[in-house]
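**Q** In case you want the letters, here they are:
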Amino acid sequence: MTFFSDERATELRDLFFESAQELLQALNDEGLELERKPKDPEIVRDIRRTVHTLKGDSAACGFKELSELAHAIEDALTPNVVQNGNGALVELVLHAADTFDSMLTAYRTNGAQPNADHVRALIRRLTEQPKARGEGELQIEFVWTEYEQLLISKAAEKGIPLYNLAIEVDAQCPMRIAALQLVKNVLQHLGALVVVRPEGDFLPEHVATICAVIASSQPADAIEKKIQVPSISRRTVLESYVREGESRDNIVRRATSLAVKAVAAPAPVAPAPTVEPPKAEAPKNAVDHSLPALMPIEDGDDERTEAAAPSSLSISPENLLRVDAERIDAVLNLVGELIINKSMLNQTLSDFGKQHAKDPLRAKFADGMAFQAQILNELQRSVMKIRMVPVEQLFRRFPRVVRDVARANGKQCELIISGQNTDLDKSILDALAEPMMHLVRNAVDHGIEMPNERTAAGKPAKGTLKLNAYYQGNQVLIELSDDGAGIDRDRVVARAIANNILSEKEADKLSEQEALSLIFQPGLSTAEQVTEISGRGMGMDIVQSVLKRLKGSIGIQTERGKGTTFQLRVPLTLAIMQALLFRVAKRLYAVPLGSVVEIARTTQSHIHTVDHHEVLQLRDQIITLVRLDALEGRKRAAATGKEKIFVIVVSLGDRRFGLVVDKLEGEEELVIKALEDSLVATELVSGASILGDGTVVLILNVASVVERLGRAAVGGGARKLGASA
Amino acid sequence: MITQMLQRDGAIEVVGTAMDGTFGLRKIEELRPDVVTLDLEMPQMDGIETLRQIMRRNPLPVIVVSSHSTEGASETFKALQLGAFDFVAKPQENVSTMIDTIADELVAKVKVAGTARKPKVEVASVDEQRLLQVRKPPRPAQNKRMNPSKIVAIGISTGGPNALLYLLSQLPADFPGSIVVVQHMPQGFTQMFSHRLNEACAIDVKEAQSGDLLLAGRALICPGNRHMRVRHMPLGDVVVLADDGRVNGHRPSADVLFRSVAQEFGAKTVALIMTGMGEDGADGIKAVKDAGGLAVAQDEASSVVFGMPKVAIERGNVNRVVPLDALANLLQVQCATQRAITT
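Top line first, the protein sequences correspond to chains A and B.
Note that the numbering used here numbers the first sequence so that position 47 is 47, with each residue one more than the last.
In short: position in the second sequence from 1, add 725, done, that's the numbering used here.
Calculated directly from the structure, the hints in this document are not laboratory data.
Take these hints with a grain of salt, some might be off.
Claimed, not checked - When the alpha-carbon atoms are kept at most 30 Å apart in a straight line, the in silico DSSO-like pairs for lysine-lysine are as follows: (1) A/LYS158 x A/LYS226; (2) A/LYS586 x A/LYS55; (3) B/LYS752 x A/LYS154; (4) A/LYS459 x A/LYS562; (5) A/LYS39 x A/LYS342; (6) A/LYS37 x B/LYS803; (7) B/LYS815 x A/LYS55; (8) A/LYS385 x A/LYS342; (9) B/LYS803 x A/LYS64; (10) B/LYS752 x B/LYS803; (11) A/LYS354 x A/LYS586; (12) B/LYS1014 x B/LYS803; (13) B/LYS1035 x B/LYS1014; (14) A/LYS354 x A/LYS342; (15) B/LYS752 x A/LYS39.
Stated by the list, open to error - If you anchor each label on the Cβ, the simulated ranges turn out as follows: (16) B/ASP1015 x A/GLU157: 49 to 59 Å; (17) A/ALA59 x B/PHE748: 28 to 38 Å; (18) A/SER153 x B/ALA898: 57 to 67 Å; (19) A/SER153 x B/ASP899: 20 to 30 Å; (20) A/ARG407 x B/LEU960: 19 to 29 Å; (21) A/ALA112 x B/GLU766: 36 to 46 Å; (22) B/ARG971 x A/ASN421: 37 to 47 Å; (23) A/SER231 x B/ASP829: 47 to 57 Å; (24) A/PRO204 x B/LEU960: 17 to 27 Å; (25) A/PRO41 x B/ASP1015: 56 to 66 Å; (26) B/GLU766 x A/ALA192: 23 to 33 Å; (27) A/THR10 x B/GLU766: 43 to 53 Å; (28) B/ASP899 x A/ASP75: 43 to 53 Å; (29) A/SER102 x B/GLU766: 30 to 40 Å.
Note that CB positions come from ideal geometry on N, CA and C, so glycine has one too.
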């Protein structure tokens, strides 16, 4: 049933898919939040609101399965379910989020709807309690009415210990009618029966649990034994009654389960966790619906508050515009063309100036150009801003990942996120999703140790994972650090040697950094080896290749026993960059200004050859030099000893090297045009740009250069480089 | 939708509709209707502001249509305080099944509003803001309030929120009687209502829960969609809520409360039947009178709708007829004089 034309319907669906993703993310967040603060009514309300919105939206789009499931979940989130089913509730919310996600995918791809049975089973488990909840403790919170409290406080004056107790009556109990009377008899033998619920002599049909307060001088063990009335009691809870203001230190709590009939539990369900010490003293305004079965559920509370608070996605929808990324890219492209055009005009202007230096028109022309340039800058920045999204969009997925991986491995891990407001180009952020996921998983899987190992090492049992993002110049740095075991350098190297990635001799010469970067080698990345070298390896080569594609880099710092930090460095944007232009062997190159540390001037005589490498001593640092023509395998012009040369010192992560260049051409804002692979034979170049005068400039891929340098240093390339030096 | 609901009844003519408050005000000037229905959620000028303007320019009975939410409840009370005649709560879900009930309610209320005289702005308007600012004396400790001198049962409907605020705010914190109230109001609204009364009054006002104690200086408001009864227990007196069927078409029903109070407390009871349409409570209050308690009806002049009290008076079920502004005094005198006997 749809009220819209086909086109509108499609649009509506697209809109729904997008907003649904946000809702699912919110649901995930809320589930995790609930795990931290079980029973927090505020969070449950948020969850209800999210599910409710999802239900409404999906129903509007005609996605029946999704809206029905959402409806079932919403219905299940009644206050007494929340009170009693804390752990299982979190499971339900998280599993529901997963199922919703696969449902959405199915809708989008017109695929088969996923099976939602396990979610429904979870709902059933939650809602059919306590009668059919099978094993696990009877979970109950004793909240007594004002009158009952009065009775209790009167009884307490006598000084006899008081106990709260609950007996769940077996559904198969053959003498259900008499059960209440029998239980009362038992309790009266134990001591004074202060309060008993339900009232009356017979157990009403819908009541499954008998709750009572008794005053008894008998030991708790004896009481507990007695309340296991054969063929009546299914599960029982006994706890000492704590008066307001009394210490809860010595409170006795016992829960027993009799006649456990195994109820087939769905696979993904964690066993019902134990309840927290229940509140024995009901607060003055306690709501009586915490006693299921005894009181009709008053779910009016939630209905009322449903519309009260604003949605957690607090950006007001009227000011939010959803635009296809392609449209923005089209604008960006045009801006790029304008910038090239600007350089062209500038070039023309300067040519004109040379010919007609005195012409008054030139000054006017120049003013106009300057003004235009300013606007162009503004325009460019505005367009770029549209593409920028906070890294939070990526980061917010990780709390769930960390939780799941940690749980699966029996580890404890906390994720601390900071800098989530740092903006990054959407396409870069999207590309980072996979590598980041690898890194985060690995950090929990291999970085953080098991709780007992951690305590043995004098660390808190719970590991900490920190995720941070911040700007540095034109780049964004993302750091992921764990306080785990660190990477065993020697074992990484040993593994590399075993895999014929390098020879033992070469291994000896490796710097700390170089050794660690071996983990990015594809040969070290099979799962079997990962566990063996206790390091990270799975997908590490993927991580690096993605970063390379993004013109980014990755650095590692590790300390045995203290932890590991991965530092990802990516450009703010891929489309436009500030670059330094230079010539090597007549060819025009550009290198991102962000990676330039300094420019040094030296002569050939200051360059030394150490270990087949050309090096330059710059103040107190030795820098490896790179000659692009040599790396590219072209023949280099013979160098004369006195010739002045420029060295551009470039940094990538923690590594620095010097580019030997013939001539510096200046700084320019480049609009990067992607190059098709077939056009450029070398991976050293990541793209090209056109200058105002039409000259093509090649943009150097710093990461590849470093890698080539590394390979040249440790592999066969060294000889070649050495030979040419 | 409102128009359709109203047109079902032949006695009602819909003279005009307006899409927002600004238009509404203009049309009211132009068409001079007998009754206005006003949705509190409107574009442009909101419902509250529109109501304020209506009341300032030419007061006439306004029935507010409010949403079933916390905010809705809060806005509704604001509207009633500004002089709105009554309100109808929009259903939240199951619109189709609820629609007849809502329509009937709306039609009935519009009809009563049309025949009602000018709203009693003088009596009804209590300066709630001023009440909120007054520093209240501390309420006595629970154990000092265990034995209320009398049980005051109140049955009230249309015009009730303002009348109750007016009455209860005049009672002191050490008021020796205990009050139980049935106010016809949908589920959800009663909690907000109780909360507001509690803030504004010296006595303690609470939405009732089963097992709550009848304490001196306390008023328990029956939650919407439940029935409230009282029960005498060895250690103290309590209210018991139940879900049995509607009585007189109402849940909560004043008849249920009155009969229960008469049965449990007999002569210790004071029952008030106050402003409201229909006849809920009119029969039940007889039980109080017969049991030796005092049955009182609010008088016509001070009632926004003289329905329930009128029927009770006509059937000879009450002892006295008293204006709203004399009720607080009456309760004080009644409860105080009996203290010696009960203790």
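**Q** Compare the structure with each hint and give your call.
**A** Hints, one by one, checked against the model:
no., hint, verdict
1, A/LYS158 x A/LYS226, "23 Å, holds"
2, A/LYS586 x A/LYS55, "65 Å, violated"
3, B/LYS752 x A/LYS154, "65 Å, violated"
4, A/LYS459 x A/LYS562, "9 Å, holds"
5, A/LYS39 x A/LYS342, "61 Å, violated"
6, A/LYS37 x B/LYS803, "35 Å, violated"
7, B/LYS815 x A/LYS55, "21 Å, holds"
8, A/LYS385 x A/LYS342, "21 Å, holds"
9, B/LYS803 x A/LYS64, "40 Å, violated"
10, B/LYS752 x B/LYS803, "23 Å, holds"
11, A/LYS354 x A/LYS586, "25 Å, holds"
12, B/LYS1014 x B/LYS803, "36 Å, violated"
13, B/LYS1035 x B/LYS1014, "16 Å, holds"
14, A/LYS354 x A/LYS342, "18 Å, holds"
15, B/LYS752 x A/LYS39, "51 Å, violated"
16, B/ASP1015 x A/GLU157: 49 to 59 Å, "40 Å, violated"
17, A/ALA59 x B/PHE748: 28 to 38 Å, "33 Å, holds"
18, A/SER153 x B/ALA898: 57 to 67 Å, "23 Å, violated"
19, A/SER153 x B/ASP899: 20 to 30 Å, "23 Å, holds"
20, A/ARG407 x B/LEU960: 19 to 29 Å, "50 Å, violated"
21, A/ALA112 x B/GLU766: 36 to 46 Å, "42 Å, holds"
22, B/ARG971 x A/ASN421: 37 to 47 Å, "55 Å, violated"
23, A/SER231 x B/ASP829: 47 to 57 Å, "52 Å, holds"
24, A/PRO204 x B/LEU960: 17 to 27 Å, "24 Å, holds"
25, A/PRO41 x B/ASP1015: 56 to 66 Å, "46 Å, violated"
26, B/GLU766 x A/ALA192: 23 to 33 Å, "56 Å, violated"
27, A/THR10 x B/GLU766: 43 to 53 Å, "31 Å, violated"
28, B/ASP899 x A/ASP75: 43 to 53 Å, "46 Å, holds"
29, A/SER102 x B/GLU766: 30 to 40 Å, "37 Å, holds"
Checked against the numbered hints given earlier, this structure breaks hints 2, 3, 5, 6, 9, 12, 15, 16, 18, 20, 22, 25, 26, 27; the rest are met.
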